[in-house]
Amino acid sequence: MNPATCRPPTPSRNRPQSSSFRVRNKNTVIAFRKNVLALCLMTFAPCAFGLTSEGFVDDVFYSVYAPDWTWQGRDANIMAVFENSTNSIASCSISLVVLKDHVDHFGRNGAPATPETIPLSTEISVPPGETRRIALTGFTALHGFPRQTYPLVLSLRINDTPTSVEYPLRTIRGQAVSEGRAVALGVPIGVALLFSAAFAFVLRRTGDRDAWKTVPLSTPEPDHPESWIHQTRK
Amino acid sequence: MDTPDAKITPWSLKPARMNFRALLSLGSGSVIASFYIGTGDVTIGANMGALFGFKLWWTYLVLGIAGWALIDMSVRYFLRFGRTPMAIFKDIHPALSVYMFVAIIVCATFGAYSQWAACAMVISGFSPSVPIELGGAIAALSGLLFLLLGAYKRLETAFVLGLLVLIVCFFASAIMAGINAREAVAGLIPQAPGDGWEALFSSNAGSMINAWLILIYPYTMLERGWFSNSLQGKVNILHRARIDYAWGILAAGLVALPIMAAAAAVARPFGIVPRGYMDLSILLEPLAGPWSTYLFLGGLFVAAWTAGVGWWLCGAYALLDIFNLPIKLDSKPMRTLLILFFIPSTLLLVLRVNPVYQMLIFSAFLALVFPVIGLAMLYRITRKDMGYFRWSLGSPQGVALIGVDLFAIALSIYAGVYLGWVKFGDIFVSR
Numbered sequence: 001m002n003p004a005t006c007r008p009p010t011p012s013r014n015r016p017q018s019s020s021f022r023v024r025n026k027n028t029v030i031a032f033r034k035n036v037l038a039l040c041l042m043t044f045a046p047c048a049f050g051l052t053s054e055g056f057v058d059d060v061f062y063s064v065y066a067p068d069w070t071w072q073g074r075d076a077n078i079m080a081v082f083e084n085s086t087n088s089i090a091s092c093s094i095s096l097v098v099l100k101d102h103v104d105h106f107g108r109n110g111a112p113a114t115p116e117t118i119p120l121s122t123e124i125s126v127p128p129g130e131t132r133r134i135a136l137t138g139f140t141a142l143h144g145f146p147r148q149t150y151p152l153v154l155s156l157r158i159n160d161t162p163t164s165v166e167y168p169l170r171t172i173r174g175q176a177v178s179e180g181r182a183v184a185l186g187v188p189i190g191v192a193l194l195f196s197a198a199f200a201f202v203l204r205r206t207g208d209r210d211a212w213k214t215v216p217l218s219t220p221e222p223d224h225p226e227s228w229i230h231q232t233r234k
Numbered sequence: 001m002d003t004p005d006a007k008i009t010p011w012s013l014k015p016a017r018m019n020f021r022a023l024l025s026l027g028s029g030s031v032i033a034s035f036y037i038g039t040g041d042v043t044i045g046a047n048m049g050a051l052f053g054f055k056l057w058w059t060y061l062v063l064g065i066a067g068w069a070l071i072d073m074s075v076r077y078f079l080r081f082g083r084t085p086m087a088i089f090k091d092i093h094p095a096l097s098v099y100m101f102v103a104i105i106v107c108a109t110f111g112a113y114s115q116w117a118a119c120a121m122v123i124s125g126f127s128p129s130v131p132i133e134l135g136g137a138i139a140a141l142s143g144l145l146f147l148l149l150g151a152y153k154r155l156e157t158a159f160v161l162g163l164l165v166l167i168v169c170f171f172a173s174a175i176m177a178g179i180n181a182r183e184a185v186a187g188l189i190p191q192a193p194g195d196g197w198e199a200l201f202s203s204n205a206g207s208m209i210n211a212w213l214i215l216i217y218p219y220t221m222l223e224r225g226w227f228s229n230s231l232q233g234k235v236n237i238l239h240r241a242r243i244d245y246a247w248g249i250l251a252a253g254l255v256a257l258p259i260m261a262a263a264a265a266v267a268r269p270f271g272i273v274p275r276g277y278m279d280l281s282i283l284l285e286p287l288a289g290p291w292s293t294y295l296f297l298g299g300l301f302v303a304a305w306t307a308g309v310g311w312w313l314c315g316a317y318a319l320l321d322i323f324n325l326p327i328k329l330d331s332k333p334m335r336t337l338l339i340l341f342f343i344p345s346t347l348l349l350v351l352r353v354n355p356v357y358q359m360l361i362f363s364a365f366l367a368l369v370f371p372v373i374g375l376a377m378l379y380r381i382t383r384k385d386m387g388y389f390r391w392s393l394g395s396p397q398g399v400a401l402i403g404v405d406l407f408a409i410a411l412s413i414y415a416g417v418y419l420g421w422v423k424f425g426d427i428f429v430s431r
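For the record, the sequence lines run as chains G and W.
FYI, the numbering used here numbers position 58 of the first sequence as 58, with every residue one higher than the one before it.
FYI, the numbering used here numbers position 20 of the second sequence as 20, with every residue one higher than the one before it.
Treat the hints with care, since some could be wrong.
[As the list claims (entries may be wrong)] Derived DMTMM-like pairs: lysine to aspartate or glutamate, alpha-carbon spacing no greater than 25 Å straight-line:
no., chain 1, residue 1, chain 2, residue 2
1, G, K100, G, E166
2, W, K328, G, E166
3, W, K14, G, E221
4, W, K14, G, E226
5, W, K7, G, E221
6, W, K328, G, E221
7, W, K328, G, D210
8, W, K332, G, D223
9, G, K213, W, E223
10, W, K384, G, E221
11, W, K153, G, E221
12, W, K332, G, D210
13, W, K153, G, E226
14, W, K328, G, D208
15, W, K332, G, E166
[Stated by the list, open to error] Quick partial rundown of chain G residues pointing at chain W, CB under 10 Å, derived from the structure:
no., residue
16, L51
17, A80
18, L142
19, F145
20, S155
21, R170
22, F199
23, L203
24, W212
25, S218
[Claimed, not checked] Residues of chain G clear of chain W, computed beta-carbon distances all greater than 12 Å:
no., residue
26, G55
27, V57
28, V60
29, M79
30, I89
31, S91
32, L99
33, V103
34, S121
35, T137
36, R157
37, E166
Derived from the structure by calculation, the hints contain no laboratory data.
Cβ coordinates follow ideal geometry from the N, Cα and C atoms, glycine included.
Put together the whole structure using the sequences plus the hints.
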């Protein structure tokens, strides 16, 4: 959790005041309620877990958004927005820098990393006056490593001017799974067969032994049916 | 079997009018909706939103019609003969009972397991120190206690509330992320938005043409005492039941909207396709604020929990049906079956088995269940002994009903083929 990234609730716009006392009084009540709501949100709202970083580089405004926690085995995605207010095309890139010791802790789309997949990077050209969005997608913190906060860095480059954003990413335990096809296929089949036998044993003891092949009798009408059932259209 | 019903022209009797109070008393539709909306639907909705915005919302409408028709067929059979759905299979051949028995156990166990795993992921999202196994076991145990201590009426009330909570959570989360109402409405027009839409449509078919949900509705009718020997009574019940499950299916489509909206707002602009239901929740947080994630996770928990309870409930009802035991939630055999379902579903969490392989077995069974149920239904409802509820070309309503019945059966066969040959094959080849 990064307290520095906590965002306050968006301030509400002031409504124009009416000359009528009645209306003014109503507005005061609405404003009071909004303030109470804002106060409640500020009090009870959890701090933003996400990373939000913004700034200007070479007259290009960038915003970077990313979650700062993830389950092991699930994907995290890092998003960047570039707004080019200059008169020329801006070449923008973003890459994720992982410490050498941690490279094998990460993968792409759930699979272990390869030199081609980590480090992650992507680039885009932003025409003058336009906004472009790009993302580093499918970045997976893998199972089998101690849960920790990784000191990652997002490296941005806009028209050859570099800048970086610190990106601490905390991992929590995801749905750990055992490896191996034989076990993964055999265990559920075994469990299903075992419990099919258990169900069959219990049901045959509870009901008629040949019930499974006997078509049942018709359901009797309830003793006290609801009144609407026998109504006719008037 | 020639009965007096057979001499009356199908669909010629008018049902009694329902008042507003009667409309509010509909409940089983919410039970159906809560079963429909599980982790699979959240993943499909998130993928649709991330890839195509709202452009595939229409699929819920089209598939919903097919789902409605399949439920309608089982209800017509129940009203005609007063027999529960498993009698259809026994009637054709007892070997089908054996197949359904194994399929029910496999699907209800694995289906519930995946929902408890999702609940556990949500719990760990709120409180990282809770291990997945413990979170899943707590969710499963609470579901078991809820079913063991409750009567059907209480279950219905809880599910109506649950459905409202999850609709509010998902919509609030989507509003924080930003929802484009105009684009959403345009998404109701059938269209082919681009490469990959067919796969999403087929996955959605596998979810909406849910074999168990087709069977469960008559069980809820039995619990509520919705049965009559008189034809007018049957017509009245069918009318009310149709509105009820139409509401349930509509609610499932409605819930997909905020999920698609959230994905369209936060994932699509960046070209991100969420790999699973949890990916979208993490994505929401930096862009739409922590409450958006919390609301989404809250909605996801309710969706997964009710779907987990639904898998067990439906499985236990169907097993009671196969063995001609009383269909009653607060009965001893029902409680025994629920405990028996609890053990393997929770055991799989602790064994940490790769869920991909369970999905493989699950898909293989579903691939056969879909066409088997579809064809068995077709065989049953086309027989002359269906009396007043038989197929008839004598009225526009009768013709329309034949049309939607055939459409639904064709779609259920398609969903089976897709799950069996395409999805099953894909998983096997990719591993």
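Do the hints match the structure? See the list:
Simply put, G/K100 and G/E166 have alpha-carbon atoms about 16 Å apart, close enough for the 25 Å limit, and the pair holds. The suggested pairing of W/K328 with G/E166 is violated, with an alpha-carbon distance near 59 Å, which exceeds 25 Å. Among the hinted pairs, W/K14 with G/E221 is consistent with the structure: their alpha-carbon atoms are about 21 Å apart, no more than 25 Å. Taken as a hint, the W/K14 and G/E226 pair is honoured in the structure, with Cα atoms around 18 Å apart against an allowance of 25 Å.
For the hint pairing W/K7 with G/E221, the CA-to-CA distance comes to about 22 Å; that is within 25 Å, so the pair holds. A distance of roughly 15 Å separates the Cα atoms of W/K328 and G/E221; the hinted pair therefore holds under the 25 Å criterion. The suggested pairing of W/K328 with G/D210 holds, with an alpha-carbon distance near 21 Å, which does not exceed 25 Å. This hinted pair checks out: W/K332 and G/D223 have alpha carbons roughly 22 Å apart, not beyond 25 Å.
With a C-alpha separation of about 24 Å, the suggested pair G/K213 and W/E223 falls inside the 25 Å cut-off, and the hint holds. Distance check on the hinted pair: W/K384 and G/E221 sit about 24 Å apart at the alpha-carbon level, within 25 Å; holds. With a C-alpha separation of about 19 Å, the suggested pair W/K153 and G/E221 falls inside the 25 Å cut-off, and the hint holds. For a cut-off of 25 Å, the pair hint linking W/K332 to G/D210 stands: about 20 Å separates their Cα positions.
Restraint check for W/K153 and G/E226: satisfied, since their Cα atoms lie roughly 15 Å apart, inside the 25 Å limit. Taking the CA atoms of W/K328 and G/D208, the gap is about 17 Å. The hint holds against a cut of 25 Å. Among the hinted pairs, W/K332 with G/E166 is inconsistent with the structure: their alpha-carbon atoms are about 60 Å apart, more than 25 Å. Taking 10 Å as the C-beta contact cut-off toward chain W, the hint placing G/L51 at the interface holds, the least distance being around 6 Å.
Given the 10 Å rule on beta carbons, the hint for G/A80 holds: about 8 Å separates it from the nearest Cβ of chain W. For G/L142, the shortest C-beta to C-beta distance to chain W is roughly 14 Å, which exceeds 10 Å, and the interface hint is violated. The beta carbon of G/F145 comes no nearer than 15 Å to any beta carbon in chain W, farther than 10 Å, and the hint placing it at the interface is violated. Here the hint on G/S155 is broken, as its CB sits about 18 Å from the closest CB of chain W, past 10 Å.
This hint holds: G/R170 has a C-beta 8 Å from the nearest C-beta of chain W, less than the 10 Å allowed. The beta carbon of G/F199 is positioned within 10 Å of a beta carbon in chain W (closest approach about 6 Å), and the interface hint is therefore held. Using the Cβ-Cβ criterion of 10 Å, the hint placing G/L203 at the interface with chain W is satisfied: the shortest such distance is roughly 5 Å. A least Cβ separation of about 5 Å between G/W212 and chain W falls short of the 10 Å threshold, and the interface hint therefore holds.
Using the Cβ-Cβ criterion of 10 Å, the hint placing G/S218 at the interface with chain W is satisfied: the shortest such distance is roughly 3 Å. Distance to chain W confirms G/G55 as a non-interface residue, since its nearest Cβ pair spans about 16 Å, more than 12 Å. Every Cβ of chain W is farther than 12 Å from the Cβ of G/V57; the closest lies at roughly 20 Å, confirming the non-interface assignment. The claim that G/V60 lies off the interface holds: its Cβ sits roughly 18 Å from the closest Cβ of chain W, which is beyond the 12 Å cut-off.
For G/M79, the requirement that its beta carbon stay farther than 12 Å from each beta carbon of chain W is not met, with the minimum near 5 Å. Non-interface status of G/I89 relative to chain W is upheld: no Cβ of that chain comes within 12 Å, the nearest being about 20 Å off. Every C-beta of chain W lies more than 12 Å from that of G/S91, the closest at about 18 Å, which supports listing it as non-interface. Every beta carbon of chain W lies more than 12 Å from that of G/L99, the smallest distance being close to 22 Å; the non-interface claim holds.
Non-interface call for G/V103 relative to chain W: holds, since the shortest CB-CB distance, roughly 21 Å, exceeds 12 Å. Here G/S121 stays apart from chain W, with its beta-carbon at least about 15 Å from theirs, past the 12 Å limit. At the 12 Å boundary, the C-beta of G/T137 falls inside the reach of chain W, the nearest C-beta of that chain being 5 Å off. Listed as outside the interface, G/R157 is consistent with that label: its C-beta sits roughly 19 Å from the nearest C-beta of chain W, beyond the 12 Å cut-off.
No beta-carbon of chain W is positioned within 12 Å of the beta-carbon of G/E166; the least distance is around 15 Å.
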